[in-house]
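Trainee: According to this note's numbering, the sequence shown is numbered sequentially starting from 4.
Check the hints yourself; a few may be wrong.
20 Å max Cα-Cα, derived SDA-like pairs, lysine to any residue [what the hints assert, rightly or not]:
#, residue 1, residue 2
1, K126, G66
2, K90, P184
3, K15, E38
Hints in this document: simulated from the structure, not taken from any laboratory.
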Amino acid sequence: MKTAEALLAMLKKYDVEYVFGLPGETTLGLYHAWEKFDEITHVMARDERHAVFMADGYARLSGKPGVCEGPSVGATHMIPGVVEALKSCVPLIVLTSDVPLHSEKHNMLTAFDQTALFENITKETLTATRGDEIPFLIQRAFRVATTGCPGPVHLRLPMDVIEEEISISLPPAQKPFSTYPGTRPAADRGLIAEALQ
4 MKTAEALLAM
14 LKKYDVEYVF
24 GLPGETTLGL
34 YHAWEKFDEI
44 THVMARDERH
54 AVFMADGYAR
64 LSGKPGVCEG
74 PSVGATHMIP
84 GVVEALKSCV
94 PLIVLTSDVP
104 LHSEKHNMLT
114 AFDQTALFEN
124 ITKETLTATR
134 GDEIPFLIQR
144 AFRVATTGCP
154 GPVHLRLPMD
164 VIEEEISISL
174 PPAQKPFSTY
184 PGTRPAADRG
194 LIAEALQ
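All chains, please: the whole structure from these sequences, using the hints.
Mentor: In structure tokens:
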């Protein structure tokens, strides 16, 4: 299986129904996998800004984390929506594709430091360095996005990693984190007993 197929299968395990985004040169591997995977609907956005705000609206209405994706340099257009989600405590999984992993410093046209861009406006930014990491990165992304104060988590997907052939069995989803809040605080039992008096 390719990494992109594992990514889509893991998203499905977390009950993701829609991903909002648009294709670009660095996401072709993901879109080729999507052609054979009809269990998650891709909603085409006009641009990356719209994709984030659509995912934000979906999360607010559904009670589930919104998932959006944007290609490479288009990630810069996602910033306003990601900041809105952070400040409004809306859980998002923000997927961005990128140039091949070890070509960041080779002056490629669309190469820039996505990690630095997202680290101050998300709860966490993650990078897939190998295809077999994807299941665990998806688990972490959903857990972080839905626990504590909910918010966006960024996952950077270099195009060579997306297209990598992998041989792994996918772990189960951690279902409490497919909705938010992922964990609910418990009230003090003493205060509950006192209130019942």
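Trainee: Decide, hint by hint, whether the structure agrees.
Mentor: To see whether the hints hold, each was checked on the structure:
1. K126 with G66: 18 Å, holds
2. K90 with P184: Roughly 16 Å between the alpha carbons, so the hint for K90 and P184 holds.
3. K15 with E38: 15 Å, holds
The structure fails none of the hints (numbered hints given earlier).
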